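Colleague: Can you build the whole structure from these sequences, using the hints too?
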Amino acid sequence: MGAKGRKPRLAVWKFASCDGCQLTLLDCEDELLAIAGAVDIAYFPEATRGKIEGHYDISLVEGSITTSHDAARIHEVRRRSTTLVTIGACATTGGIQALRNFADVKEYTSVVYARPDYISTLADSTPIADHVAVDFELRGCPISKYQLMETISAFLAGRRPVTPPHSVCMECKIKGNVCVMVAHGTPCLGPVTHAGCHAVCPSYNRGCYGCYGPMETPNPTSLTHRMKALGMGQKEVQRVYRTFNADAPVFRKESERHDP
Amino acid sequence: MSLWMTRLSQPPGKRHTMVEKVTVTVDALQALLDQLKGRGYRVIGPTVRDQTIVYDEIDSLAELPRGWTDEQEGGHYRLVRREDDALFGFAVGPHSWKKFLHAPIVELWKVVRNGEDVSIVAESPPDQRFAFIGVRACELHAIAIQDRVLLGGQYPDSHYRARREGAFFVAINCGEAGGTCFCQSMNTGPAVESGYDISLTEIVTESGRSFVTEAGSEAGLQVLAALPRRPAMDEEIAQAKAVISRTAAAMGRQMRSDDLRELLERNLDHPRWDDVAKRCLTCGNCTMVCPTCFCTSVEDSSDLAGETASRSRRWDSCFTMDFSYIHGGSVRASARSRYRQWMTHKLAFWVDQFGTSGCVGCGRCITWCPVGIDITEEVRAIRDSGSTEG
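Those protein sequences? They're chains A and B, same order as listed. In terms of our numbering, the first sequence has 91 at position 91, counting the first letter as 1, and numbering is strictly consecutive. In our numbering, each number is its position in the second sequence, counted from 1, plus 260.
Keep in mind the hints are simulated off the structure, nothing from the lab. None of the values given here were measured: they were computed from a predicted structure. Glycine is no exception: its CB is placed at the ideal position from the N, C-alpha and C atoms. Please note: incorrect hints may appear among the correct ones.
From the structure, some residues in chain B lie toward chain A, with a derived Cβ separation under 7 Å [stated by the list, open to error]: (1) Gly335; (2) Glu559; (3) Leu564.
Far from chain B, by Cβ distances over 12 Å, these chain A residues were calculated [as the list claims (entries may be wrong)]: (4) Pro45; (5) Ser68; (6) Val112.
Modeller: Structure below.
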């Protein structure tokens, strides 16, 4: 991956985000030495003050684009990176802050800030792929450390990362989980949500919150019909689709069908 | 006993010898569990977990779902109390024995780098034999189907074989038909006919709950000989027969199955496929819970240092896009084509491939579909309005 005689250089970049996905890299406690052994962590403000100018073999990009400054900066990151991987819901679908896309951001700033004229922000929160070419997208809010390790390992080996885009239901069934929707009547976004979390919420008898965004061929209209039969109202349906991946097109469309 | 060999040569329903029926008490059932454990089996049976009846490792009779039953409908399962203290008064649940015999994830092998050399290390098969308690007629048929699929061809699946060979089956004749059961329509139940080591039928006698029991194999005879028992009385045998007739008459679902192959083949463009595609979530739940669905995908992984790589396989589904991905994209891109593939394979083209239907009428795909799509209803809709000519 890297040029001859040196380890591949890895950079971690932050845009509009909560840092949770970057922290997943630090959360790889037991594997962190192996990661540091395999790649040169050349730029990672969350973990180190060191900074290396130049080119990076792998860039992990966290966060969405919400300012004109960031809209320009992502192009600089793209220029400096051989492989650009977005990590997490913000970078991949615009994140929770994409709720602004459903409202008037000027109205928000006038209510929240004493001096709204100090605030320089874009009307929308948009995913990285809306601005530059992205080589691979890692889903989740936050991402899974196993999928992060898998992605880095795969790029180092020159193979395709194994991050299946099927439903969370498949993960539940492989684990032997009991379906919370069928057996308990708990509304669950698992059938329309991209796998990757090892079905963490249903494993604790909670419905899936859709942190990984839409699965490959989602059918939210049919799922919503069922969730309503289980007692969900118009507003609740809108809310479950408007969370971490609110502006993912399929979730957006379904939430807009349920304006109260 | 290598059951799969006898299963392959001896289809269900063809038993040659009359076997003595005996009656055992509930206490003897605990002795059965102890016997099996003592003989080195890993004993798996039904038990209550997460408000359902799952299959898991059990030590004692107290772990069986005594006094529980289930209420099942399309997309709906509820655990409910029975009015009596029946031990097996429920239908099949979210799990099937496939979970143990055709495991969801199997490590196949790994390769380790030693300097310039590499060595390949095969994963060793499990060294423990399973004993399954409370296997239903439909489930024995499902296992026989997986035997044909995974062991019957030119390249038998050694991983399945390692788990399947030497497994011990304690079957139970169903005393309760579930809301989504239709084994009667598929000729796979509710009476167990073959493929078991010991069969039980739960009845009520003066001394409480008892089981009319018979051995179906040499291994079963040996285990049964070690249990406290007495010859079954005529009225007990009659009662056991009545249990089966009652269950057969109470099926939650029905599906005419004698002409499915022709019916579906001449209706491959029926508008019902578009209708079901609107409801289908393509989530794969039906295939995961189906006791005969056998498809898997193989995945490779490697470590960061590039020192070891491993290959494993996991359950996959004809409902995922990756499953039929070839150069240029997925062969079955629409939900319509994927649902049709699943159902026509299961009910029609399975016959061409493996000599039987792929459906045993257990009803799991109906109950565990999050939106309650009902295979019997889909067939009925096609039958009622479909093309009658080829």
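Colleague: Would you say A/Pro45 is clear of chain B, with no C-beta pair closer than or equal to 12 Å?
Modeller: Correct as stated: the minimum Cβ-Cβ distance to chain B is 22 Å, above 12 Å.
Colleague: Does the nearest C-beta of chain A fall within a distance shorter than 7 Å of the C-beta of B/Glu559?
Modeller: holds (5 Å)
Colleague: Just to be careful: measuring from the Cβ of B/Gly335 to every Cβ in chain A, is the smallest value less than 7 Å?
Modeller: holds (6 Å)
Colleague: Once the shortest beta carbon distance from B/Leu564 to chain A is found, is it less than 7 Å?
Modeller: holds (4 Å)
Colleague: Can we trust that A/Ser68 is non-interface, i.e. its beta-carbon lies farther than 12 Å from all of chain B?
Modeller: holds (37 Å)
Colleague: Quick one: work out the minimum CB distance from A/Val112 to chain B and report holds if it exceeds 12 Å, violated otherwise.
Modeller: With a cut-off of 12 Å, A/Val112 remains clear of chain B, as the shortest Cβ separation is near 39 Å.
The structure agrees with every numbered hint stated previously.
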